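Position chain B against the provided structure of chain A, taking the given hints into account.
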Amino acid sequence: MNLRDTLTLSFQTVVSYRTRSLLIVLAMALGVAAVVVLTALGDGARRYVVGQFSSLGTNLVFVLPGRAETSGGFPGAALGQTPRDLTLEDARFIAHLPQVKRMAPLNVGVAELTSGGRLREVTVLGSTSELLPIRHMRLSQGSFLAHGSERSAQIVLGSTLAHEFFPDGEPVGQRIRLGDSRFLVSGVLAPQGESMGFNSDEIVIIPIDYAQELFNTQSLFRILIEARSRTDIEPAKAAISHVLKQRHDGEEDVTVITQDAILATFDRILRALTLGVAGIAAISLAVAGILVMNVMLVAVAQRTSEIGLLKALGAPAADIRRLFFAEALWLSLAGGAIGYALGNAGAWMIRLAYPQLPAWPPDWASVAGVATALLTGVVASLLPAARAARLDPVLALSGK
Amino acid sequence: MIRLTAITRVFRMGDQEVRALNGINLEIASGEYVSIMGPSGSGKSTLLNVIGLLDQPDGGRYELDGSDVTDLSETERARVRREKIGFVFQSFHLVPRLTAAENIELPLMLEGIAPTERKSRVDAALDAFDLKDRARHRPAELSGGQRQRVAIARATILRPTALLADEPTGNLDHRIGAEVMELLEGLHHAGTTLIVVTHDRELGARAHRHIAMRDGEIVADEK
Chain A
1 MNLRDTLTLS FQTVVSYRTR SLLIVLAMAL GVAAVVVLTA LGDGARRYVV GQFSSLGTNL
61 VFVLPGRAET SGGFPGAALG QTPRDLTLED ARFIAHLPQV KRMAPLNVGV AELTSGGRLR
121 EVTVLGSTSE LLPIRHMRLS QGSFLAHGSE RSAQIVLGST LAHEFFPDGE PVGQRIRLGD
181 SRFLVSGVLA PQGESMGFNS DEIVIIPIDY AQELFNTQSL FRILIEARSR TDIEPAKAAI
241 SHVLKQRHDG EEDVTVITQD AILATFDRIL RALTLGVAGI AAISLAVAGI LVMNVMLVAV
301 AQRTSEIGLL KALGAPAADI RRLFFAEALW LSLAGGAIGY ALGNAGAWMI RLAYPQLPAW
361 PPDWASVAGV ATALLTGVVA SLLPAARAAR LDPVLALSGK
Chain B
1 MIRLTAITRV FRMGDQEVRA LNGINLEIAS GEYVSIMGPS GSGKSTLLNV IGLLDQPDGG
61 RYELDGSDVT DLSETERARV RREKIGFVFQ SFHLVPRLTA AENIELPLML EGIAPTERKS
121 RVDAALDAFD LKDRARHRPA ELSGGQRQRV AIARATILRP TALLADEPTG NLDHRIGAEV
181 MELLEGLHHA GTTLIVVTHD RELGARAHRH IAMRDGEIVA DEK
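So the protein sequences, as listed, match chains A and B.
Residue numbers are given in our numbering: position 343 of the first sequence equals residue 343, and the series is strictly consecutive.
Residue numbers are given in our numbering: position 29 of the second sequence equals residue 29, and the series is strictly consecutive.
Hint data in this document are derived by calculation from the structure and do not stem from the laboratory.
Note that the structure is a prediction, hence the values are computed from the model and not measured.
Hints are not guaranteed to be accurate.
So the derived label-pair ranges between C-beta atoms look like this [as the list claims (entries may be wrong)]:
1. Asp215(B) with Arg20(A): 44 to 50 Å
2. Arg79(B) with Arg387(A): 18 to 24 Å
3. Arg209(B) with Thr19(A): 46 to 52 Å
Beta carbons are placed, not taken as given, at the ideal position from N, Cα and C, and that holds for glycine.
In isolation and in its complexed conformation, chain A is listed as follows:
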């Protein structure tokens, strides 16, 4: 029997056992769909986090006070010294490094914002004019902290705050009280929504000097640095470490991390997560494979006398083996194809429901899902097909 006839005949068989075939195809399809949907979710989450983190800025380097790693005892302690704060002076030295394009020092705190009888606690960022380009922020009204005007009492409002405190929509040029000082509203941030668990619509930004005064501190919370280019990131990191070590009496008491390193970590963790859920979904495919084997064994038992007839008509064992093999192939092929379509439809619905989540199934997962379905189906049919081919023709004809 040639290949085409084998495929046609087994296809007819699959179609004629409609309920049985539909159920097994459904089991297969659900397995494949689970792989596609779950990896779409996992990879979507990865892309979402990576995208969010990339939108913080480009080629960023962060400086944090304090060591992130345990090192030998602090030798200065014996001389009565303490680790140094990260100061504005440090930040100015960093700004002069050749690899550094821009730099913004950052202080963060909470203070009370009051105006026209309204009052609420807000998160306060103290920084300079460079924060806007480094953090890729946008304004909807007015202007940001003007360059070189660190000493003037200006304030930039998050969009929600601007709306709450000035419902008439004209905040720019108005006065507002933060803590004990009065500030002039210079601009309003464009609505950005939540990003990395931080809602920039509900913050205010004031010049760094005022912030340090307000929170009574000399120490910076962070220094945000944008390197000149991608290739300058690592040299910038080294140069910053070097400068700060020199300024801190040879003590490495700051941590310098790059955006890329954090990105890579997130990427790795979420990729592993995606692989994990794909693996769990693949278990359902293995179960579907066992189901195929079971169904094919039942088929062999059901069609014993038919197998006997084929043998009586002169079908060699190989033909009979191939017929059952092809039948399983059709079932898993249909299951794989329908599952792929189902999974993509599911991913599409997730994207509709959560537009900010780029839940596209990765190609490798779709290929692996369908391939696993085919493989398990085909492997599962080996035993039943061999059993059918081995049947004794005389016994098989009598249905035994």
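Chain B alone, transformed into the frame defined by chain A:
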């Protein structure tokens, strides 16, 4: 030509041995019309299965059309069955999913004949067996006589030298049974060797040579 020499076939049932065929010597010339009769368990069906190469004897020698087919491999025996033997069964053994035409087409498919030639040969067979208007029907939609006609058309589509029929009318009423026998005898007249296994005396008497079996042995062989 079929030549069996000292053929034995032993079945083991528990610790008991049943000699279904006990030293059968038989020669059937091409174009003969033979009936094999005997009570149940006399070995007549086993003999037919051995002749049809469905069953392998435990001892003896089997020559078919001049060549020794006793020790052929399973694949080779399948080929000989396909090319030289046609089976007609009491219970028809049609594939329920396939139409009459597709059932008749099966041996051509197994032989690997091209679809266009298959179609013309199936059409000719449908014509010859008066099944033209039943071609697209499945076995469940056919009468008993029509089913057996489909089965005979299928058994003869590759023009075998020997047609082996095991109780071909067992599931048919008397009138339809007679029609089926006339059909088989028509094929015999066209030159095919016809071997019919039955325990129906009237049916057996129609053959030109009568073989009687008992306990795995041939007890009578008359022309």
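Check: So which of those numbered hints doesn't the model satisfy?
Finding: none
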